[in-house]
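S.K.: Here is how the chains run, residue by residue.
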Amino acid sequence: MNEIAESKTLEILLVEDSPSDALLTKEALGSSSAVKTIHHVENGDEAMEFLHGQGAYVDAPRPDLVLLDLNLPRKSGLEVLQEIKADKRLKTIPVVILTTSRDEADVLGSYGQHANCYVSKPVAFESLVQVVGNIQKFWSGVATLPPNGTK
Amino acid sequence: MNGESTLRILVVEDNETDALLIREAFADCPGPAPEVVYVPRLGDGLERINDDHFDAALLDLALPDSSGLDTFVTFHQQAPRLPVLVLTGLEDESIGAEAITRGAQDYLVKGQLPASLLMRSIRYAIERQHFYRELDDRVRERTAQLALANRELDSFCHAVSHDLRAPLRSINGFGELLDKNHRNTLDDDGQRFLDRILEATGRMSELIDDLLSLSRVSRQELNFTPVDLSRLAQQVVETLRQNDPNRAVEVVIEEGLMVQGDGRLLRIVLENLLGNAWKFTSKTEGARIEVGREPAEEGEPVFHVRDNGAGFDMRYADKMFTAFQRLHHEEDFPGTGVGLATVQRIIHRHGGKVWAEGEPGEGARIYFIVP
Chain A
58 MNEIAESKTL EILLVEDSPS DALLTKEALG SSSAVKTIHH VENGDEAMEF
108 LHGQGAYVDA PRPDLVLLDL NLPRKSGLEV LQEIKADKRL KTIPVVILTT
158 SRDEADVLGS YGQHANCYVS KPVAFESLVQ VVGNIQKFWS GVATLPPNGT
208 K
Chain B
637 MNGESTLRIL VVEDNETDAL LIREAFADCP GPAPEVVYVP RLGDGLERIN
687 DDHFDAALLD LALPDSSGLD TFVTFHQQAP RLPVLVLTGL EDESIGAEAI
737 TRGAQDYLVK GQLPASLLMR SIRYAIERQH FYRELDDRVR ERTAQLALAN
787 RELDSFCHAV SHDLRAPLRS INGFGELLDK NHRNTLDDDG QRFLDRILEA
837 TGRMSELIDD LLSLSRVSRQ ELNFTPVDLS RLAQQVVETL RQNDPNRAVE
887 VVIEEGLMVQ GDGRLLRIVL ENLLGNAWKF TSKTEGARIE VGREPAEEGE
937 PVFHVRDNGA GFDMRYADKM FTAFQRLHHE EDFPGTGVGL ATVQRIIHRH
987 GGKVWAEGEP GEGARIYFIV P
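Residue numbers (the working numbering), protein chains in the order written: chain A, 58 to 208; chain B, 637 to 1007.
Hints listed in this document are in silico derivations from the structure and should not be mistaken for laboratory results. The beta-carbon is built from N, C-alpha and C at its ideal position, and this holds for glycine as well. Any given hint could turn out to be false.
[Claimed, not checked] Negatives, chain B to chain A, calculated, CB over 10 Å: (1) 742; (2) 782; (3) 790; (4) 801; (5) 805; (6) 874; (7) 932; (8) 970.
[As the list claims (entries may be wrong)] Reference listing, derived: stretches of chain A covered by chain B, where coverage requires no fewer than 3 residues with Cβ under 8 Å from a Cβ of chain B: (9) 70-84; (10) 180-193.
[As the list claims (entries may be wrong)] No farther apart than 25 Å at their CA atoms in a straight line, the calculated lysine-lysine pairs in the DSS-like style are these: (11) A/194 / B/816; (12) B/915 / A/83; (13) B/955 / B/915; (14) A/65 / A/148; (15) A/194 / A/83; (16) A/65 / A/93; (17) A/83 / A/145; (18) B/816 / A/93; (19) A/194 / A/132.
Chain A on its own, in the form it takes in the complex:
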């Protein structure tokens, strides 16, 4: 274990408009001890408010990781990504695109806007558990994250 970065517990922001998908993602992550809190917001505007600590989110922590759906009502996932990566303070937060789409255009578009990784949601729950588990394991155990608290 000593070659692997020391695990830390993650504050995760989940941006997902479908309540079912959000619940499933939370369930898939649920049992993991590496997750401190999953904060769920349902659209892009809320996501930006959360990240800026505005409105209802004055006390929101700075997330260690953002799981971002692309198909969101009003402000799209790509726009959220663009705003995060254009913001000096926010751009160091890793953003994982977690979406149903497997379209090449979406993949290219996301990396073009500096997404940290692109993952398509599998249909089968077991696979979803694996995929989400891998994301969490990688970002909490393998990757070294930028120091938090620079809000």
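Chain A is already provided as a structure; the job is to place chain B on it using the hints.
M.R.: For chain B alone, coordinates are given in the frame of chain A:
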């Protein structure tokens, strides 16, 4: 046809005697006299058809600035919709016939043309050209409509499959959670029903994936390069062996099967064909799969993927290539029935052909041509 209105005819003819004869022929014609413009050189002719409207042209092929078939080709290129009657001499009549294959409406042999026939030939030429143009327009329009309908169908297929995934994920996800966390609260029937639901979501997920792949191969742009089918087949078989290490299948792949095509799509062809062969030999002793080229015949090389597996009834050979058509029971050989439809779509997009032969219990042979 232009009815009673005066026809405008361009005559490109440098020989004054010939021009005079044509003039006389026109003068002798019954019915309203056409308006005829005479020019001596091809260059003049090209200029006139650019600036002016004509109903037809008489074109001598031997002109001071151009000769032979080239004269017609140049002229026709500039005004592809203008009916042209080529003027030839007795000794070069064959060139007139040649001009017709290149798009001329007719040829007239100089000095052999009774006045009464001249106008009739011209009118027929105009009529024919008009008719062809209309046909041509109609074909073009239909083709465009078809292409549009195909594109719409493909995007519809893509969108629907895509949108179906989200609710399916819910059904499967909550079903799995029910199974994992609450199974003991269900009685025997309840548990059995739940198993059925989960089984069905798995199958539907496969169907959606295959549909998406079918629509993708239809939409994706082709990128032609030299493709080594032998090497692709080798890679596909390796993957099959890795995924199914307990199967002992003898696979023989002929070396050096080269084609020009889209490597990504041709890989999908081999994945499907070899995947099928692999699947349908699963109940065969001494399973054997062969990839190769048919002994040299005339024309394009014919490739084959052969197996000695379950085979099929030749009566259904055409049906196999239709999406969702399956010739075997799901319990015997699982699958969605989209694989061969995908293969056919890819081969057709390459301008090629694919067909199947086989007998029940005697294996299947799939042939394809990639021109």
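S.K.: Minimum Cβ separation between residue 874 of chain B and chain A greater than 10 Å?
M.R.: Holds: least Cβ distance 24 Å, greater than 10 Å.
S.K.: Would residue 790 of chain B pass as off the interface with chain A, using Cβ distances and a cut of 10 Å?
M.R.: holds (13 Å)
S.K.: Against chain B, does the stretch 70-84 of chain A show at least 3 residues with beta-carbon separation below 8 Å?
M.R.: holds (count 5)
S.K.: Next pair to validate is residue 194 of chain A with residue 83 of chain A; report whether the Cα-Cα distance is within 25 Å.
M.R.: holds (15 Å)
S.K.: Checking the smallest CB distance to chain A, is residue 932 of chain B really beyond 10 Å?
M.R.: holds (40 Å)
S.K.: Closest CB-CB distance from residue 805 of chain B to chain A, is it above 10 Å?
M.R.: violated (5 Å)
S.K.: Given the proposed pairing of residue 194 of chain A with residue 816 of chain B, does the C-alpha separation stay at or below 25 Å?
M.R.: Given pair residue 194 of chain A, residue 816 of chain B holds - Cα atoms ~22 Å apart, limit 25 Å.
S.K.: Is the Cβ of residue 970 of chain B farther than 10 Å from every Cβ of chain A?
M.R.: Its Cβ never comes within 10 Å of chain A, the nearest being 16 Å, so this holds.
S.K.: Is residue 65 of chain A within 25 Å of residue 93 of chain A, Cα to Cα?
M.R.: holds (9 Å)
S.K.: Looking at residue 782 of chain B again, its CB stays over 10 Å from all of chain A?
M.R.: Fine: 25 Å to the nearest Cβ keeps residue 782 of chain B off the interface.
S.K.: Do three or more residues of the stretch 180-193 of chain A come closer than 8 Å to chain B, measuring C-beta to C-beta?
M.R.: holds (count 5)
S.K.: Do the alpha carbons of residue 816 of chain B and residue 93 of chain A lie within 25 Å of each other, as the hint requires?
M.R.: Since the Cα atoms of residue 816 of chain B and residue 93 of chain A sit roughly 23 Å apart, the hinted pair holds (cutoff 25 Å).
Hint compliance for this structure: hints 4, 5, 12, 17 and 19 are broken, all remaining hints hold.
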